[in-house]
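Starting from the given sequences, assemble the full structure and let the hints guide the process.
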Amino acid sequence: DSGVTQTPKHLITATGQRVTLRCSPRSGDLSVYWYQQSLDQGLQFLIQYYNGEERAKGNILERFSAQQFPDLHSELNLSSLELGDSALYFCASSPGRSSGNTIYFGEGSWLTVV
Amino acid sequence: GENVEQHPSTLSVQEGDSAVIKCTYSDSASNYFPWYKQELGKGPQLIIDIRSNVGEKKDQRIAVTLNKTAKHFSLHITETQPEDSAVYFCAAIPWGDYKLSFGAGTTVTVRA
Chain F
301 DSGVTQTPKH
311 LITATGQRVT
321 LRCSPRSGDL
331 SVYWYQQSLD
341 QGLQFLIQYY
351 NGEERAKGNI
361 LERFSAQQFP
371 DLHSELNLSS
381 LELGDSALYF
391 CASSPGRSSG
401 NTIYFGEGSW
411 LTVV
Chain R
29 GENVEQHPST
39 LSVQEGDSAV
49 IKCTYSDSAS
59 NYFPWYKQEL
69 GKGPQLIIDI
79 RSNVGEKKDQ
89 RIAVTLNKTA
99 KHFSLHITET
109 QPEDSAVYFC
119 AAIPWGDYKL
129 SFGAGTTVTV
139 RA
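Protein sequence lines correspond, in order, to chains F and R.
Numbering of the first sequence is given in the numbering used here, commencing with residue 301 and proceeding in unit increments.
Numbering of the second sequence is given in the numbering used here, commencing with residue 29 and proceeding in unit increments.
Derived from the structure by calculation, the hints contain no laboratory data.
Hints should not be assumed to be uniformly reliable.
Said to hold, decoys possible - One-sided and incomplete, this derived list gives chain R residues near chain F with beta-carbon spacing under 10 Å:
id, residue
1, 74
2, 117
3, 119
4, 132
Claimed, not checked - Stretches of chain F that chain R covers, calculated by requiring three or more beta carbons in the stretch to come under 8 Å of a beta carbon on chain R:
id, region
5, 354–364
6, 402–414
To be verified - Result set (DSBU-like, lysine-lysine): computed pairs, CA atoms no more than 30 Å apart in a straight line:
id, chain 1, residue 1, chain 2, residue 2
7, R, 86, R, 70
8, R, 85, R, 70
9, F, 309, R, 65
10, F, 309, R, 70
11, R, 99, R, 86
12, F, 357, R, 65
13, R, 65, R, 50
14, R, 96, F, 357
15, F, 357, R, 99
16, R, 85, R, 96
None of the values given here were measured: they were computed from a predicted structure.
Glycine included, each C-beta is placed from N, C-alpha and C at the ideal position.
Given below as structure tokens:
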């Protein structure tokens, strides 16, 4: 158990809908990362937050947004869902914001868009 | 940005044999190289990592080597066991960057 908690574990929704994925980082970790894993794309970095502020952005679509709350949990919002958004979404956390910090992953949220 | 290439994409070994996975990276500023193991239906689990000031690190049956000049690093698993069957990912982070860049993954199958 990495200590990173993600909910829900599985989610099935229809195209055009909106979903929210939730993440609680490891105790004491200030950075939260979101990654998308699909069969043909591998692990793709979406976005990082550090202590409530956005720090880095990757290949995140405009239909997706995220935030980190004062209690350090984070939410990833996916809207106007398309079939191609079906994937595993991982949250990860690390103590600090700089490179070289060990990053631990949660078990993921499996999103299926039908 | 950083680009990490990983080989092979699949690897089948007999139980008890060794497995080696190799990765190359493009950004000479990369200074942290973790390896993750992902079992079916689970998240990536950190199994070992190495920093650029170290050439080799070992943890029981797992070892990682780093060649900064050639910009490649490798994972070595000795005395493989069936529970080593999983997908393994290498990754790199350049100094000053915040995100892991992953290799495409290696599916390791240990035959009993």
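Each hint, compared with the structure:
1. 74: 6 Å, holds
2. 117: Interface hint status for residue 117(R): holds (7 Å vs cutoff 10 Å).
3. 119: 8 Å, holds
4. 132: 5 Å, holds
5. 354–364: Satisfied; 3 residues make the cut.
6. 402–414: holds (count 7)
7. 86(R) <-> 70(R): 24 Å, holds
8. 85(R) <-> 70(R): Holds, at about 25 Å.
9. 309(F) <-> 65(R): Since the Cα atoms of residue 309(F) and residue 65(R) sit roughly 19 Å apart, the hinted pair holds (cutoff 30 Å).
10. 309(F) <-> 70(R): This hinted pair holds, its Cα atoms lying about 10 Å apart.
11. 99(R) <-> 86(R): It holds: about 19 Å lies between the C-alpha atoms, which stays within 30 Å.
12. 357(F) <-> 65(R): Between residue 357(F) and residue 65(R) the Cα gap is close to 25 Å, so the pair holds against 30 Å.
13. 65(R) <-> 50(R): Holds, at about 14 Å.
14. 96(R) <-> 357(F): 27 Å, holds
15. 357(F) <-> 99(R): 25 Å, holds
16. 85(R) <-> 96(R): Given pair residue 85(R), residue 96(R) holds - Cα atoms ~14 Å apart, limit 30 Å.
Hint compliance for this structure: every hint is met.
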